[in-house]
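Colleague: Below, each chain spelled out in residue letters.
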Amino acid sequence: MELKIRKNGDVYIIDVNGEMDLYNSYKLKELVMKMLEKNVKIFIINLEQVDYIDSSGIGALIYICSTIKKMNLKLSIANIHGSVKKVIELTKLMGYFPISNSVEEALLMVKE
Amino acid sequence: MEQEEIKELRSDDNDPLFDKTNMLCKTFPSDFRQIRYFTLLIVQSAPNEIKELNLLEQQISEVIKNAVKHGNHCDINKKVVVWYSFSPTHAHLIVQDEGEGFKDLEKWNEFNRKRLECLHKQNFEELTNYVSFRTKQSDDQDGGNALFAALEYWNGGFVYNGKRNAVAMLKKFQQKRRGVNIDGE
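In the order they appear, the protein sequences are chains X and Z.
Under the numbering used here, read the first sequence as residues 1 to 112, first letter to last.
Under the numbering used here, read the second sequence as residues 113 to 297, first letter to last.
Since the hints were made in silico from the structure, they are not lab data.
We treat Cβ as the ideally placed atom computed from N, Cα and C, and that holds for glycine.
Where hints are given, some of them may not hold.
To be verified - Here are the simulated lysine to any residue pairs, SDA-like style, with alpha carbons at most 25 Å apart: (1) X/K86 with Z/R148; (2) X/K86 with Z/S197; (3) X/K27 with Z/K248; (4) Z/K226 with Z/L263; (5) X/K74 with Z/D252; (6) X/K29 with Z/Q249; (7) X/K69 with Z/F245; (8) X/K70 with Z/E237; (9) X/K69 with Z/L228; (10) X/K70 with Z/F236; (11) X/K27 with Z/Q146; (12) Z/K233 with X/I99; (13) X/K74 with Z/L263; (14) Z/K284 with Z/P159; (15) X/K92 with Z/Q146; (16) X/K85 with Z/K275; (17) X/K29 with Z/E229; (18) X/K85 with Z/Q249; (19) Z/K275 with Z/K163; (20) X/K69 with Z/D143; (21) X/K92 with Z/K163; (22) X/K27 with X/V11; (23) X/K86 with Z/L231; (24) Z/K284 with X/G82; (25) X/K86 with Z/K248; (26) X/K111 with X/S83; (27) X/K85 with Z/D143; (28) X/K69 with Z/P159; (29) X/K85 with Z/N267; (30) X/K41 with X/K86.
What the hints assert, rightly or not - Short derived list, chain Z residues pointing at chain X, Cβ under 7 Å: (31) C230; (32) L231; (33) L239; (34) V243; (35) T247; (36) Q253; (37) N257; (38) F260; (39) G268; (40) G269.
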């Protein structure tokens, strides 16, 4: 799994590339925690290049989402598709996560 | 008000899903690093039409992970045994470890009931407390959500044995209409 950060104004977009599984999901969690330490306030996690997620990956997203919610900061998760969408649907968490269909839509969502 | 069916984890030695007749079998050491590799060795014998976007692989990997990690505590000397049978219309597995058994099954059901209640009421604030099931043994890598998905995915049943160190599961698939794809159709 590869993580790349890009910036759009004060929004930080994390592009995740690869599989979010039991061996590497912690990396995304650690990255977001480091960014929070550096006072980043608005996040987009782009899952366009993620075709596989397991319970550890979902767990990482839950952790990130609840931490950011508690701190009253902003997050949107963009481009959930394929089996990633199916796994989230199985856990019934589609309504829990702040989801957007594209990075553009996510930008509008977090800038509201 | 419409009442949703509440799916629960069960334990029953006599469940027909524990019938191993005509099932293939593989045994693995409890090596955490190889969980996805072991899963692939099982899934490779499944027909393509039921592999649907890696979902079958993902769900099997979760059950093997539970056996390796929570059942056998990654003790390399302890084995995980997987019985399996696949066809275009079904996936049937039994996964057994050498552990003490899933002691928190009742706690899990109670937790899940509360989770479903929050979802039913669309109470996402309260739901925050019920998105991840934790026990004293849970660590940071545990998502605590694998069994929520398992109960939904394994639509033909997901049941533990009496000792709760083995779990049998069945997924039924709709037979896809067979036909020849013609370009441009």
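Colleague: Confirm or reject each hint.
Modeller: So, going through the hints one by one against the coordinates:
1. X/K86 with Z/R148: Given that 25 Å is the threshold and the Cα spacing comes to 19 Å, the pair holds.
2. X/K86 with Z/S197: Holds - the C-alpha atoms of Z/S197 and X/K86 are around 23 Å apart, at most 25 Å.
3. X/K27 with Z/K248: Distance ~23 Å between X/K27 and Z/K248 Cα, so the pair holds.
4. Z/K226 with Z/L263: Roughly 15 Å separates the two Cα atoms, so the pair holds.
5. X/K74 with Z/D252: Roughly 23 Å separates the two Cα atoms, so the pair holds.
6. X/K29 with Z/Q249: Status holds; Cα separation ~20 Å.
7. X/K69 with Z/F245: Holds - the C-alpha atoms of Z/F245 and X/K69 are around 19 Å apart, at most 25 Å.
8. X/K70 with Z/E237: Measuring from Cα to Cα gives roughly 10 Å; hence the hint holds.
9. X/K69 with Z/L228: holds, 21 Å
10. X/K70 with Z/F236: Answer holds: X/K70 to Z/F236 is near 13 Å, not above 25 Å.
11. X/K27 with Z/Q146: holds, 19 Å
12. Z/K233 with X/I99: holds, 20 Å
13. X/K74 with Z/L263: With a Cα-Cα distance of about 32 Å, the restraint between X/K74 and Z/L263 is violated, given a limit of 25 Å.
14. Z/K284 with Z/P159: Roughly 13 Å separates the two Cα atoms, so the pair holds.
15. X/K92 with Z/Q146: violated, 29 Å
16. X/K85 with Z/K275: violated, 34 Å
17. X/K29 with Z/E229: Roughly 28 Å between the alpha carbons, so the hint for X/K29 and Z/E229 is violated.
18. X/K85 with Z/Q249: Violated: X/K85 and Z/Q249 sit about 29 Å apart, past 25 Å.
19. Z/K275 with Z/K163: Status violated; Cα separation ~30 Å.
20. X/K69 with Z/D143: violated, 36 Å
21. X/K92 with Z/K163: Judged against 25 Å, a Cα distance of about 21 Å means the pair holds.
22. X/K27 with X/V11: holds, 20 Å
23. X/K86 with Z/L231: Holds, at about 17 Å.
24. Z/K284 with X/G82: holds, 20 Å
25. X/K86 with Z/K248: Since the Cα atoms of X/K86 and Z/K248 sit roughly 29 Å apart, the hinted pair is violated (cutoff 25 Å).
26. X/K111 with X/S83: The hint is violated at about 29 Å.
27. X/K85 with Z/D143: Violated, at about 29 Å.
28. X/K69 with Z/P159: violated, 42 Å
29. X/K85 with Z/N267: holds, 18 Å
30. X/K41 with X/K86: violated, 29 Å
31. C230: The hint is violated - Z/C230 has no Cβ within 7 Å of chain X, the shortest such distance being about 9 Å.
32. L231: holds, 5 Å
33. L239: It holds, given that the least Cβ distance between Z/L239 and chain X is near 6 Å, below 7 Å.
34. V243: holds, 5 Å
35. T247: violated, 14 Å
36. Q253: holds, 6 Å
37. N257: holds, 5 Å
38. F260: Holds, because the Cβ-Cβ distance from Z/F260 to chain X comes to roughly 5 Å (cut-off 7 Å).
39. G268: With a minimum Cβ separation of about 15 Å from chain X (threshold 7 Å), the hint on Z/G268 is violated.
40. G269: violated, 16 Å
Going through the hint list in order, the structure does not satisfy hints 13, 15, 16, 17, 18, 19, 20, 25, 26, 27, 28, 30, 31, 35, 39, 40.
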